[in-house]
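Asks: One letter stands for each residue in the lines below.
There are 2 protein chains.
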Amino acid sequence: MPVVDIHTHVYPPAYHALLSSRSQVPYILQSPETPGQDRLVILPAEDTASTSRGRPIGPEYYDINEKLRFMDAHGIDISVISLANPWLDWLPPSEAASTARLINDDVNATCAQHKGRLFAFGTLPLSGTAEEIVAEVERLGGMDYMRGVIIGTSGLGQGLDDPALDPVWEALQKTQQVVFLHPHYGLPTSLYGPRASEYGHVLPLALGFPLETTIAVTRMLLSGVWDRWQDIKVLIAHSGGTLPFLAGRIESCIEHDGHLKEAGKIEGRRKVWDILKRSVYLDAVIYHDIGLEAAIKASGKERLLFGTDHPFFPPLDEKDGGEWLSVTLNSKAVKAALGSDEDAQKAIMGGNAVDILRLTV
Amino acid sequence: MPVVDIHTHVYPPAYHALLSSRSQVPYILQSPETPGQDRLVILPAEDTASTSRGRPIGPEYYDINEKLRFMDAHGIDISVISLANPWLDWLPPSEAASTARLINDDVNATCAQHKGRLFAFGTLPLSGTAEEIVAEVERLGGMDYMRGVIIGTSGLGQGLDDPALDPVWEALQKTQQVVFLHPHYGLPTSLYGPRASEYGHVLPLALGFPLETTIAVTRMLLSGVWDRWQDIKVLIAHSGGTLPFLAGRIESCIEHDGHLKEAGKIEGRRKVWDILKRSVYLDAVIYHDIGLEAAIKASGKERLLFGTDHPFFPPLDEKDGGEWLSVTLNSKAVKAALGSDEDAQKAIMGGNAVDILRLTV
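Residue numbers (full-length UniProt numbering), protein chains in the order written: chain L, 1 to 361; chain Z, 1 to 361.
A hint or two may mislead.
Given that identical chains are not distinguished, each listed pair holds provided it fits within a single copy or across any two copies.
[Stated by the list, open to error] Capping the alpha-carbon separation at 27 Å, the derived lysine-lysine pairs in DSSO-like fashion look like this:
| id | residue 1 | residue 2 |
| --- | --- | --- |
| 1 | Lys335 | Lys346 |
| 2 | Lys297 | Lys335 |
| 3 | Lys271 | Lys335 |
| 4 | Lys265 | Lys332 |
| 5 | Lys261 | Lys332 |
| 6 | Lys346 | Lys233 |
| 7 | Lys301 | Lys332 |
| 8 | Lys233 | Lys174 |
| 9 | Lys332 | Lys271 |
| 10 | Lys115 | Lys346 |
Please keep in mind that the hints were generated in silico from the structure rather than gathered at the bench.
Construct the entire structure; sequences and hints are all you get.
Replies: Below you can see the structure in the form of structure tokens.
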């Protein structure tokens, strides 16, 4: 049974060039003061303090050979690569469709060069029109190595509960492409208080990301997206944000909401538990077995998929070739959560991904 | 073994009068158009749409006999009552200390009238000076029925990671009073998008509350509060917000943060797992066994305490005297999470609270 990493990002050369040409978030900072030490700044919260602006960016982000070396070092047989945030959300609308085609063709060609080892989630031109997005969804459906799409929480700019996205959900359901839902925007930095700059990137990364995801999925739930497209398949990053833990509270708050009751929205809806078990997949990128066990109980061991978040979270100390702590935390969590059920361990480490994403050449 | 409810709120008459005299959040809306149907508006997010402004407020909020009837109907032997949010955070500083004394004396006297059935968490004059707060902490330590204090996440206005709170933590540790940490402020409504008004109160209550709590606790962690006061005892509302689920990610983000490493803040600190097991108690107000099991695994079955959140989340349909769904969801979760371990069930339903809060008269 192969080991498959379904949460692993790239900035292909064309995208790297785009970011390098910019001077506001998202951008790659090439400082004359630190030659050869480019820094990637993708979050507004990272762009405030010179000591912690962004993170170092090297070939591991854009040279696919670095990805393959990382896979070899960690026993990963197959990677399903995806463009890292912030994708193309920020592009001028007139450039969206053509850029998405360029990037997706580039990524697909890279996968073709490493047949059997690489598949990909495509990128959508979300700043373009719904027609352009749908066209790219359909085009991706015919590409050899594409197995779905990665999207953020912004949609067309108004969130994933925006009715203007209806044609996109329709196309995604029709083509049965897995939607890898991934955070990017986090939460307003004001929530982190006046001492946030002392805390490095911990608050936006550890909390902003999963909390953003949870809000996005719950807005989809409340707007009826999951009722109207019962056959969409959504892979939620970071084991669902916090959805498995909060699902009970979400359900209780709905059942006790007088406004929803008056609007006739409580009866007949799909419950979050049904969505977790029938419409959602969760990655196993949660770094501990306690959270992972909750995710498995919520969605079932056949719906969890191992991931690494490479090339993010590199070790601070170790040299190239060593094992990454961020990877071993996740693989150990799978072992710890499933005890002696080795079949289930293998399924989460790769078998589920092979089945769900049809990872055969 | 008694059944104890440690998450149950009151607006004593003196506090009810205060809110009724106001016309901005927090306030009680007495509309001439709906006589006898006062509405309680405590969240800014609830104050925007006339159809869902606040919630009905009746005697269950301020008449202690309603609390006792509720306890009898649900087999609750002892309640540890606390002022509901937003407590006294919003008071003009000059009125804070005297109002806190008034409210705390009132609540303590109510407990004395129902000896053995009622204990309480006191309220702090957080808009006052640190000296006034410390004085009230010490005064509460000598009151017969007070067993700790309830606080929100704002602190003196700058969050719980504010160094200006140091004397308060010191006093709380010295007097060994349990700090019931409870959310109120939620998240900015902009995060809920342009269609939030269609979703009733679900997003601020189901997500805003626990996410606010998680951010507050993590800020305490990153600022070293838990390192400097290793013997404070903090009871975190709603099973820790989302802390048990996200603890692994928080730890991983800290271990991978270059800024924290350079600042020498990674080594020697207490890990979140240690804090969850030695400094924290969690209520069992999470409405499902999946989340509750994660909470139990994170903190231990001897640190979980049953609660109801009464009088919030009343049934939408049932008449007085019936069982509240919000209560049975929580008691069923305790049974489901602990399977056949009846001793642990009884401990969470009451025994732990008796031990930890010394609930004897």
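Asks: Tell me the hint numbers this structure goes against, listed in increasing order.
Replies: none
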